[in-house]
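Undergrad: Respectively, the protein sequence lines represent chains A and B.
Final position of the first sequence in my numbering is 222; the numbers increase by one with none missing.
Final position of the second sequence in my numbering is 456; the numbers increase by one with none missing.
Be aware that a few hints might be false.
Stated by the list, open to error - Derived list of chain B stretches under chain A, where covered just means 3 residues or more per stretch with a C-beta under 8 Å from a C-beta of chain A:
id, region
1, 201 to 209
2, 303 to 311
As the list claims (entries may be wrong) - To give an idea of the chain A side of the interface with chain B (calculated C-beta under 10 Å), a few residues:
id, residue
3, Val28
4, Ala30
5, Leu60
6, Gly62
7, Val101
8, Gly106
9, Thr110
10, Lys114
11, Ser120
12, Thr164
It should be emphasised that the hints constitute simulated quantities derived from the structure, not laboratory data.
Cβ coordinates follow ideal geometry from the N, Cα and C atoms, glycine included.
Letter by letter, the chains look like this.
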Amino acid sequence: MQPLLEQACWDTLYMVGWSTVVAVVGGLPLGILLVLTDRGGLLQNVVANKVIGQVVNVARSMPFIILMVALMGFTRSLTGTTIGREAAIVPLAIGAIPFFARLVETAVREVDDGLVEAVQAMGGNTWTVVRKVLVPESLPSLISSTTTTIVALIGYSAMAGTVGAGGLGDIAIRYGYQRFETELMWITVAVLAVVISLIQFAGDFAARSLHRRGGRSGPGPRLRLLKAKEPAAADISKVA
Amino acid sequence: MITTTGLTKVYRSRGREVTALDGVDLHVREGEVYGVIGQSGAGKSSLIRCINLLERPTSGTVTVAGQDLTALAGRGPRAGRELRQARSRIGMVFQHFNLLSSRTVQDNVELPLEILGRSGKERSRKALELLDLVGLADKAKAYLAQLSGGQKQRVGIARALAGDPKVLLSDEATSALDPETTRSILQLLRDLNRQLGLTVLLITHEMDVVKSICDSAALMEQGRVVESGTVSELLATPGSELAAALFPVGGEAGGDDRTVVDVTFHGEAATQPVISQLSRTYNIDISILGAAIDTVGGLQVGRMRIELPGRYEDNVVPIGFLREQGLQIDVPGASDREPLLVKDGAK
């Protein structure tokens, strides 16, 4: 039972990990583009904004299990197969990109227009504004958004069992539901709860410590811990 | 240093047109502190944003340091490279500071230098030098949350100076600060103006700001410049609203048994004891109803409202004496009195 659970755990983390990376890489520019192309934005383009917005909306409201089936052709052309962990990553990532993009849009919109104006007054271009203002200033929110996306992806990944990708959700359904091994199901639930809590805690902690230095209070003892976390944050901004 | 000609800005939204600037001609000389004052909605913010083309003027031209910025702007909504380079030579300070909370004080000051592509060593040397200049050398590693409003504005000023600008635009830089801090920030701007030969264009709604640091001023109303000139020129302009606001004098207008005159000092005469000379020469009692005198650019300028006994007609000679001393004399409510004089003459 233990190796079974262990394998399932790794499967879940593998799928969620890779699809998160793809979602961030794809969703971050998309979300920023949604802000920039909006009316009054730096790259105002109403048509592009409407098109991107519509695509994001449709993709986001699609039930994941249908998206997974609908994308099978695309998945095969990309991974050569429609079953297994790798095959599940494709629909997971594609489902998460618009989800993350909307969260990024909300986070970036929160950045004060005055900061954008200040950088323009210094002679900065749009790329400078994105790199020096929009991403760093919204970083705490972007980290929270990433956490939310990871948790949502764990939820989606439970359905990946239907394409033989394994994972914790698959265990719960096959063993717990179909074979009436209620005990195993509860263990799975507990493991999932622990995993989700850990991710949420780590995300909140990172976001809060980043926010702290810009926020009201002075530098707490956490500031030192934060230094260690900064490289991870820098990776995200590099992606932008 | 800064010249605008026929600057017009019209905002269009949902079919409605709002004219924020209506043919503004402004001329700011090199090395002076020029204040534009006006109420909210007078078009000050649009004006200062049109100077560095953060707002595209609908028509008119903007020339800064001999460079026609409106010609650099191009047609598209985005700023081309030439305009961005020109902007980097114009510093700007904001009402709400507009500093990045994700950066330390020093990193905020380095931001314009990053945009200019300077090396890390040069950036840090320049930033520390500027922080020293604004009196925040010890706060280089602090985050903004640890600074007071006045300190934040000092960081904003240091940042604005990072690109070695010849021109500094100040958008209500002291409006979010308390009176004490306002004074120290204004003093800093004045010092920078003197030390670095920096030309400062500031907009404000506070008369005190103009009074304490400006060499020249312009009054804006409904998108137009109503009055403009150096402080002493404004004082010399009869009926100038700005002069009246800068140097307010109390007291009511004259009546049948008393004559009230406004004496304006601008230049040499202010150092002469004219009032006591007047009193002694004509043996009359003079009451001072109100006075506002200041030292502007090394000269004493100001206004004084005095009361002489008797009707206006009886005081023509003493008033003539004051005019001879090179003083400007205005009689409040004189326009009502003029026809009377003519009638007297006709008799």
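Undergrad: Indicate, hint by hint, whether the structure satisfies it.
TA: Each hint tested on the structure:
Beta-carbon proximity to chain A at under 8 Å applies to 6 residues in the region 201 to 209 of chain B; the threshold of 3 is reached and the given coverage holds. Coverage of a stretch by a chain is defined here by at least three residues with a beta carbon nearer than 8 Å to that chain's beta carbons; for the region 303 to 311 of chain B and chain A the count is 0, and the condition is violated. Interface restraint check: Val28 of chain A against chain B, minimum CB-CB distance 13 Å, threshold 10 Å, status violated. Hint status for Ala30 of chain A relative to chain B: violated, with the closest Cβ pair at about 14 Å, above 10 Å.
Here the hint on Leu60 of chain A is broken, as its CB sits about 36 Å from the closest CB of chain B, past 10 Å. Given the 10 Å rule on beta carbons, the hint for Gly62 of chain A is violated: about 43 Å separates it from the nearest Cβ of chain B. The restraint placing Val101 of chain A at the interface with chain B holds, with a minimum CB-CB distance near 7 Å, inside the 10 Å limit. Annotation: interface hint on Gly106 of chain A holds; nearest CB of chain B at approximately 5 Å, less than 10 Å.
Because the closest C-beta pair between Thr110 of chain A and chain B is about 6 Å apart, less than 10 Å, the hint holds. Interface hint at Lys114 of chain A: satisfied, since its Cβ lies 6 Å from the closest Cβ of chain B, which is below the 10 Å cut-off. Evaluation of the Ser120 of chain A hint against chain B yields a held restraint, the C-beta minimum of about 9 Å falling below 10 Å. The closest approach between the C-beta of Thr164 of chain A and any C-beta of chain B is roughly 49 Å, which is over the 10 Å cut-off, so the hint fails.
Hint check: violations occur at hints 2, 3, 4, 5, 6, 12; the rest are consistent with the structure.
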